[in-house]
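From the two separate chains plus the hints, produce the assembled complex.
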Amino acid sequence: MEQPDLEARRVAKRYAGLVAVDELSFSVKRGSFFSILGPSGCGKTTLLRMIAGFLAPDSGDVFIGGQSMSDVPPNRRPVNMVFQHLALFPMMSVGQNVGYGLSRRGLPAKDIAQRVGAMLERVSLPGSENKRIDQLSGGQKQRVAIARSLVLEPTLLLLDEPLGALDLKLREHMKIELKQLQADFGTTFVYITHDQSEALVLSDHVAVMNRGRFEQLGTPQSLYYEPHTPFVAGFVGANNRIEGRASQVSGDLVEVTTEQGLRLFARRMGEVQAGAAVTAFVRPEVATLARNVDGLPASQPRFQGKVASLLFDGANSAVLVRETASQTEFHIALPQTGQFADVAVGETIAFGFDPERALCFAAAASSGS
Amino acid sequence: MTHKRLLFGLLLAPALIWLLGLIVLPHVDLAILSLRARVAPGEYAPSLRQYQTFIEEPLYWNTFVRTAVMSILATAITLLLAFPIAWTIAKIARGRARSLMFIMCLIPFWVSETVRTLGWMILLRESGVLPAVLVQLGITEAPIEMLYRDATIMVGLVYTSMLFMVVPLIGALDSLDDTLIEAAYDLGGNGWSILWRIIVPHAAPGIVAGCIVVFMLTLGNYLTPTLLGGKNSLWFTEQIYTQFITRFNWEQGAAFGFLLLVLSSAIVWVGLKLSGQHFGDVMRRS
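If you read the sequences in order, they're chains Y and W.
Just so you know, the first sequence maps onto residues 28 to 396 in this note's numbering.
Just so you know, the second sequence maps onto residues 503 to 788 in this note's numbering.
Read the hints as simulated data drawn from the structure, not as lab findings.
Please note that a few of the clues may not be correct.
Okay, derived cross-link-like pairs now, DSBU-like style, lysine-lysine, Cα gap no bigger than 35 Å in a straight line [claimed, not checked]:
#1 Y:Lys-196 / Y:Lys-206
#2 W:Lys-593 / W:Lys-775
#3 Y:Lys-137 / W:Lys-775
#4 Y:Lys-158 / W:Lys-593
#5 Y:Lys-158 / Y:Lys-206
#6 Y:Lys-202 / Y:Lys-56
#7 Y:Lys-158 / W:Lys-775
#8 Y:Lys-137 / Y:Lys-196
#9 Y:Lys-202 / Y:Lys-137
Looking at chain W on its own, in the form it has when it is part of the complex (with noise of 0.2 Å):
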C-alpha cells in the first residue's frame, strides 16, 4: 500500500513540480508584482495603481477588446474551416488519402512560427509574391501592401491554429457512427437538419475543445500579431511586452498578465456556458 502510494507520488512529481514551478510560483510572483507600486526608487508600497491605469487609459481598454474580439472571430474561423477538412478526413477519405490529408495538416508544423509567418511577410508585402502576382494579371495597377491590416493579421492567426482545431474535431467525428446519419436521413431529415441535430451534438465536445486550444493560443499569441500587423497590431500581448522589457514597468506588465488570464478564463467560461458543456466532459473527449 505505502508502496504503490510512494510510485504513484514519484510518477506525479514531475507534473507537479512542473505545475507549481512554472505555473504557480511565477504566478503568485506577478500577483504580488501587480499589487504594488514604486513610491521612491527602490521602495515599494501596497497599491492598486496598475489596475486603476488599465481602467483609465482607453489604449489599453481598446488593445484589450479588440484582443479578445479578433481571438474570438479567429476562432470562429478556424472552425468553419477546420470542419469540412475534418469531415472529409474522418468520414470520406480511406487508407493512404486519410494519413496523407492528415500530413498535409501537418507539414506547415514541422517549420518554426517566425519562419512560417516570415513566410506570410515573404508572400505578402509590398514587394512580396502576390502583390506582383496581381499587377501581372492586371486587377491592381500598382502593388499594394497587404502586411499591417488586421484581415492579414486574421490569416496569419488561422493558418497558425488550424491544425490545433482540426485533430479534436476528427477525434469527434470518427467516434460518430455513420448509422445516425442514415437513419436520421432515412427518417426525413436533410443536410442542415442532420447537421444541426445530430452531427453538432456529437461533436460538441470536440468544438468546444478545439476552440478553447485555438482561442488560448490567438490570445496568447505575440508572434503572428507582431509580425503581420506592425507596429499597430494592437495586441494585447504586445502592451504586456513592452511594459515587462521596453518600458521595464513590471507591475505594469504583471498586471496585465493577470488581466489577460481573466479575461481567457471568463470568455472560455462563457463558452462552456453558452454551448451547454463541462470543461471536465470537454477534456475528457478531446
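Okay, chain Y solo, but in the shape it has when bound (with noise of 0.2 Å):
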C-alpha cells in the first residue's frame, strides 16, 4: 500500500481533565483533500495543533511521510500552516512574506527571488513582489498566505478555517479557488472548519468530528447519504429530525411514532429495537409536494399541512409546513421547476416522502447536535 502522508495513531489530549482528542487513528492519503468537521469545541483545532507541532499529544503519535513527529518541532515538520486569520508578516512585503520560509533554509537570494516570483505567478499574483500586505484584498492576502507555505513544497498543508473571516461572496469564490489550487499543486491538504459546505464541496474525504472522536469517515458523498450516526446526520445538510419511538420494526423499515402521534416510515440505520426510543431524519429535498393527497404516489405515506413560512432562497428555497394532525413541522425543499412559486403561507398542502430515503436511528443516551 502506498505510504499516507499523514497517519495519527491513538493521538490523545486532554486539558484539565477535559478529553479535547480522544484516541484518534486515521491516515490521509497521498494528494487528496481531507477535511476534519465538527462543530466549535469538537477538538479540531487541537487536533491540527498537535499535527502542526505546536502542542504534544499526551498518548500516541503523529506520523508525516512515514517518520514519527513525537520530537520534532514545529519548524522542522515538513508541513506549514494556513492561519485563520493567515498571520501574513504586516512589516514586511508580499515577497519577503512568501520568501521568508526559503530565506530561513538560506537558499542565496537570487534562489528565493526566482522561486517567489514563480509561485506568485501560480497563485494568480504576478509582479506583486512589493506590495504592502495592506494594500491585497481578502481574497488576494488568502492566496498570498497559501503561497507563502506551498513554496516550500510541504509534504502536507494544514488550513485551520482559512476562509471563516471572508464574507459570503469571497468564500464561495475562494472554495473553487482552493480546490483548483489543491489540484494543481497536488500537494495533501488538511483542512479543518465548522462550515458543512466548505468540507462537502472541497473534500476528497471528510472526517466528521465530535467531542475529540471522528464519528465518521468518508467521502462528502457517504456522509451525505448514508450516516453513520445521528450527529453526522445533523450536522451534514440540512435534515428534519424526529424523535419518537420504534413502533413497529420490519426488516429495514421502522414505524416511528412521535409523541404528537405523527406516524412515519424510514429505513432502520443500525440496530434499532421495537419499542425503542429513535431519532428519525428527512432531508428536506426528500419530501415531495402537492397541491393535494392525489397528487403523491398512493405507495407512500402521504401528510397534509399548512404552510407556516416561505424561506425563499433562490435555488435553495424551502417552505415550512406544519403537518396538520400532529403540529410537527417539517422544512420542505421546492421543486426547482416553479410549479410551487405561488405558494402561499396559511395554504394547505399535501407532502409525502420515500421511507427508503428517511433514516432512523436508535436514539443515543445523548447525541448533542
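Okay, here's the thing in C-alpha cells:
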C-alpha cells in the first residue's frame, strides 16, 4: 500500500481532565484533500495544532510521510499551516512574506527571488512582490498565505478555517480557488472547518468530529447519504429531525411514532429495537410536495399540512409546513420547476417521502448536536 | 462654528500657555543671554564668546561627549534589560501575575528620586551594605568604595529609567499577534530570526519611543550622576548648574543649555534615521 502522508496513531490530548482529542487514529492519502468537520469545541483545532507541532499529544504519535513527529518541533516538520486569520507578516512585503521560509532555509537571494516570482504567478498574483500586505484584498491575502506555505513544498498543508473571516461571496469564490489550487499542486491538504458546505465541496474525504472523536470518516457523498450516527445526519446538510419511538420494526423499515401522534416510516440505520426511543431524519429535498394528497404516489405515506412560512433563497428555497394532525414542522425544499412558486403562507398542502430515503437511528443516550 | 472654535481654543489654551510660558519664552531668553558677553560691569554686548569658550576648553568638550556616550550606553542597557521584562509582562504573564509584575516595576517610583538615589548610596558606600557583604563572603579583604565610579552612575541611571522603557515596550509587544510568531515558527524560523524579522520590526515604534524618553531623561539627569558619581562625575548638566549657580555666569550657562538641547535633538534625529522610524509614527504608537 502507498505510504500515507499523514497518519495518526491513538493520538490523545486532555486539558485539565477534559478530553479534547480522544485516541484518534486515521490516515490521509497522498495528494488528497482531507477535511475535519465539527462544531466549535469538538477538538479539531487541538488536533490540527498537534499535527503542526504546536501542541504535543499526551499519548499516541503523529507520522508525516512515514516519519514519527514525536520529537520534531514545528519549524522542522515538513508541514506548513495557513492560519485562521492568515497571520501574514505586516512588516514585510508580499515577496518577503512568500520568501521568508526559503530565506530561513538559507537559499541564495537569487533563487529565492526566482521561486517567489514563480509561486506568485501560480497563485495569479504575478509581479506583486513589492506590494504591502495592507494593499491586498481579502482573497489576495488568502492566496499569499497559501503561496507562502506551498513555496516550501511541504508534505502536508494544514488549513485552519482560512475562509472563516471572508464574506459570503468571496468565500464561495475562494472555495473553488482552493480546490483548484489543491488539484494544481497535488499537495495533501488537511482542512478544518465548522462549515459543512466547505467540507463537502472541497474534500475527497471528510471526518466528522464530535467530542474529540471521529463520528464518521468517508467521502462527502457517503456522509450525506449514509450517515452512521444521528450526529452526522444532523450536522451534515439540512435535515428534519423527528424524535419518537419505534412502534414497529419490519426488516429494514421502522415505523416511528412521535409523542404528538405523527406516524412515519424510515429506513433502519444500525440496530433498532421495537419500542425503543429513536431519531428519524428526513432531508428537505427528499420530501415531495403536492397541491393535494391525490398528487402524491399512493405507495408512500402521505401527509397534509399548512404552510407556516416561506423560506425563499433562490435555488435553495423551502417551505416550513406544519403537519395538520400532530403540528410537527417539516422543512421541505421547493422543486426547481417553479411549480410551487405561488404557494402562500396558510395554504394547505400535501407532502410525502420515500421511506427508503428517510433514516432512523436508535436515539443515543446523549447525541448532542 | 465660531462656538466650536472658541471651545477648541479654550481647551487648547492651557497647553499653549504652558508651551509658550515655560518652554518658548525661557529659551528665547536663554538664546539672547547666550549670545551676549559682559564688557563692563552692568554692560553687555552681542558676542559669540560663550560658544567659543566651549570649543576652546577641552574640559567642556570632554564632559559633553562623555555625557552623550554614557547616555546612549545607559539607553542601550535599559533597552536590553527592559525587553525581557516587557515581553514577560505582555506575552507570558496572565491576570494577577501580570498586574503584580507591572506594579513591581512601578513601586520604586513611589519614592522620590532623591531618596531612591540615597538608597543606592547607603547600599554602595564604603561603609555600606554591599561592601560589608562582600567582606563577609570573603570576596574582598577590606570594604571597597563602590560609589563615585562610572559603573555606579550607570546602575543608577538604568534603574531610574527602567519604567519609561518598559511601558512603551509593553504597549508595542501587546499589540503583536501571537499567531505571527507561530506562523514564522511554522515556516522554519527560529528564535533569533523571529526576534529580528517579526518582533523587533513590529515593536520598533515602541522601542524608539522608549529610547527617546530614556535618552532625554538620562542626558538631562542631574541628581543621579551628581550623587552617585560625586565631584568627578563630569555630567554636562553639572556644568550648566555650576555656571548658573556657582560662577553666576548666566551667559555661559545659557550657552551650555542651548548646546545640550542641540545635542539631544541631533542624537534623537540620528537615532530615528538609523532605525528608519518617523517621529510622528513613534509618538502616535507609544
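35 Å Cα cutoff - pair Y:Lys-202, Y:Lys-56: Cα-Cα ~21 Å, so holds.
Proposed proximity, Y:Lys-196 with Y:Lys-137 (alpha carbon, max 35 Å): violated (38 Å)
Given hint Y:Lys-137 paired with Y:Lys-202 - CA-CA distance at most 35 Å: holds (33 Å)
Straight-line alpha-carbon gap W:Lys-593 to W:Lys-775, limit 35 Å: holds (29 Å)
Straight-line alpha-carbon gap Y:Lys-158 to W:Lys-775, limit 35 Å: holds (23 Å)
Proposed proximity, W:Lys-775 with Y:Lys-137 (alpha carbon, max 35 Å): holds (29 Å)
Pair hint outcome, Y:Lys-196 versus Y:Lys-206 [Cα-Cα no greater than 35 Å]: holds (16 Å)
Straight-line alpha-carbon gap Y:Lys-158 to W:Lys-593, limit 35 Å: holds (30 Å)
Distance restraint between Y:Lys-158 and Y:Lys-206, which requires alpha-carbon spacing of 35 Å or less: With a Cα-Cα distance of about 26 Å, the restraint between Y:Lys-158 and Y:Lys-206 holds, given a limit of 35 Å.
Checked against the numbered hints above, the structure violates only hint 8.
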